[in-house]
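Please work from the sequences and hints to get the whole structure.
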Amino acid sequence: MNVRRWFFSGIAVCLNIPVVVFAQDAQKGLVPCGRDGQAECQTCHVVQLVSGVNAWLVGILSIVAGIMFIIAGFKLVTANGNPSALQAAKGMIVNVAIGFVIVLAAWLLLDLLMKSLLSDSEQGLGPWNQISCVDQPVATTTPGKLDIYIIREQDSSTCMTAASCSVLVQQCQDRPDGVETITGSPGNFQVTCAYTSTSGSGGNARVTPGGRGEAQCAADNTNCSVEELLALGLTETQANIMSCVAVTENSGGSVGCSGTGPCGTFQITQKNWGIYTNGSSSDHPDCSAANFGGSISAAQNNGPCNARVMTSMVRDSGYQPWTGANTNPNDSVPDGPWNPYARGCVNTHGNAGDPTRRGF
Amino acid sequence: MRNMKKILLTLIALLIIVITILLYLNSTSDSGSQFEDEWTTFPEGSGNIPDPQSKTFKLKGETGVIEVRNFFTDPLTRTDPVNEGHYQLGTYIDPYSPDPSNEPYYIDYIASTQYFNISLLAVPIAESRREAEQFLLTHLDLTEDQLCNINYRVTVPVRISLLYAGQSLGFSFCPGAITL
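For the protein sequence lines, the chains are A and B, in the order given.
So for the first sequence, numbering that gives the first Met the number 0 puts the first residue at 0; every next one is plus one.
So for the second sequence, numbering that gives the first Met the number 0 puts the first residue at 0; every next one is plus one.
Among these hints, one or two may not hold up.
As the list claims (entries may be wrong) - With beta-carbon atoms standing in for the labels, derived distance ranges:
(1) A/K74 - B/I6: 23 to 31 Å
(2) A/A289 - B/T72: 46 to 54 Å
(3) A/Q169 - B/E83: 37 to 45 Å
(4) A/Q41 - B/I16: 33 to 41 Å
(5) A/E235 - B/I20: 40 to 48 Å
(6) A/R34 - B/V17: 15 to 23 Å
(7) B/V17 - A/G232: 46 to 54 Å
(8) A/G293 - B/R68: 34 to 42 Å
(9) B/L10 - A/V45: 30 to 38 Å
(10) B/T137 - A/D315: 43 to 51 Å
By construction, these hints were calculated from the structure, which means they are not laboratory data.
Positions of the beta carbon are idealized from the N, C-alpha and C atoms, including for glycine.
What follows is the structure in structure tokens.
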């Protein structure tokens with residue numbers, strides 16, 4: 000009875016282990032580096048190779064042990080009452096079991112030894128029978144004070160009246176060495192500003208050089224981070240574009256009105272707000288003014304409501320006309336004048352392979 | 000001979016048990032990150048809001064933890080009445096008003112993520128940024144280096160500046176800041 004238990008347990012264990020071992024190796028191979036789509040080989044991969052060979056040997060030995068169990072079992076059955084044959088078969092089963100336990104113990108010890116050599120304070124020993132190699136640090140140069148780009152740049156903006164142009168002129172003069180040139184006629188002036196750009200070349204991930212429809216809301220900005228917008232149901236492209244639009248519209252803040260009705264993170268107008276919040280059949284009745292003490296501005300300035308209404312508008316109308324970016328080249332409606340950088344966001348974060356640049 | 004085998008088997012079994020226990024203990028002790036360990040030292044309070052009695056509290060920074068003055072007890076920190084968990088620091092924009100703000104800047108502090116979103120709302124924006132920086136340096140009681148390490152963004156809406164909208168400007172004294 001005792002021998003039977005050893006026999007069947009031994010076969011079960013021996014035949015299951017190779018399945019686990021080889022399933023793992025089949026996915027990554029014995030040398031999991033250097034091929035297409037794999038990382039470049041490094042010292043750590045030598046340890047991975049040893050681990051892989053070790054696991055492979057354990058798999059092979061498991062199969063051998065399983066076969067030995069079967070042979071012993073066959074001898075046990077065919078002993079036909081011969082005490083010495085029975086004893087020999089039993090001895091074989093016990094010896095195979097002992098040998099197999101030693102193999103497993105060696106596997107464990109070797110794994111522990113290799114992990115101890117590789118482990119660091121961040122990941123510890125990690126999961127059993129898995130050696131994780133991380134990319135080795137690559138030497139980079141960190142820009143110092145001397146690494147400042149000094150470039151003469153030029154921007155052009157349009158304005159209709161002397162008053163609106165004077166704002167542009169003032170903004171130009173506020174820039175380093177800013178020199179403005181005004182051309183055109185009333186109703187269609189063009190202010191060109193030449194200035195010196197002196198920006199560091201990096202070192203601070205929160206500063207995006209270039210700008211103009213590139214910067215997105217920070218990951219921790221719950222008003223408009225890409226992650227938050229994805230959670231609201233936007234596609235990845237939509238979320239990337241709209242997170243960028245939010246920076247240009249209201250700097251990623253939840254509160255703020257522009258004076259002509261648009262308020263909140265995405266500067267949604269009162270008219271659009273009414274469409275999506277008024278009435279029980281609207282998309283977001285809980286974001287109506289009635290739920291904010293009768294103040295439509297308060298409703299618009301509520302971050303979650305503003306983002307939800309924006310999501311509905313993007314779904315229904317894309318970007319035009321409310322952000323100012325007309326993304327359909329077949330549409331005769333030009334880009335709106337109120338946010339020229341919405342188009343920049345579409346170009347930067349939209350699907351570059353999409354000729355319509357809709358990104359939707 | 001049989002006794003030898005039993006002893007050997009018992010020793011191997013014990014070895015496996017000991018190694019398994021050691022592996023388990025090692026994996027549990029290393030599972031938490033360094034930051035989580037530090038996070039547990041935050042003062043008692045509601046979520047990320049410190050106890051009103053605390054004079055300081057800890058903010059997660061880009062690298063490590065920064066101890067700041069408890070600005071929640073500062074009269075210039077006001078709860079955003081329509082955005083739960085948001086606080087306006089320094090200046091205040093009434094969300095019930097449809098009028099544009101006359102304030103030079105707007106600092107939206109999001110307590111859940113300990114993030115400062117700073118909008119510059121008046122030209123010249125270089126001056127607005129300087130005012131926002133001065134407020135934070137004084138009221139958070141930080142050095143410039145420490146302020147660079149907080150979790151923040153400085154930007155300007157398109158209605159204020161066509162030239163700088165869409166750019167992350169940074170604090171003027173921080174590495175990589177845009178010169179205004």
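Hint check:
1. For the pair A/K74 and B/I6, the supplied restraint of 23 to 31 Å holds, since their beta-carbon distance comes to about 26 Å.
2. A hinted range of 46 to 54 Å for the beta carbons of A/A289 and B/T72 is inconsistent with their spacing of about 35 Å.
3. Restraint check, A/Q169 to B/E83: a C-beta distance of roughly 38 Å satisfies the suggested window 37 to 45 Å.
4. Taking 33 to 41 Å as the suggested C-beta distance range, the pair A/Q41 and B/I16 conforms, at roughly 35 Å.
5. Restraint check, A/E235 to B/I20: a C-beta distance of roughly 44 Å satisfies the suggested window 40 to 48 Å.
6. Between A/R34 and B/V17 the C-beta distance comes to about 39 Å, which lies outside the given range of 15 to 23 Å.
7. Take B/V17 and A/G232: their Cβ atoms lie about 52 Å apart, and the range 46 to 54 Å holds.
8. About 38 Å separates the C-beta atoms of A/G293 and B/R68, a value consistent with the hinted range of 34 to 42 Å.
9. A C-beta distance of roughly 32 Å is found between B/L10 and A/V45, which places it inside the suggested range of 30 to 38 Å.
10. Distance hint check: the CB atoms of B/T137 and A/D315 are about 46 Å apart, consistent with the given range 43 to 51 Å.
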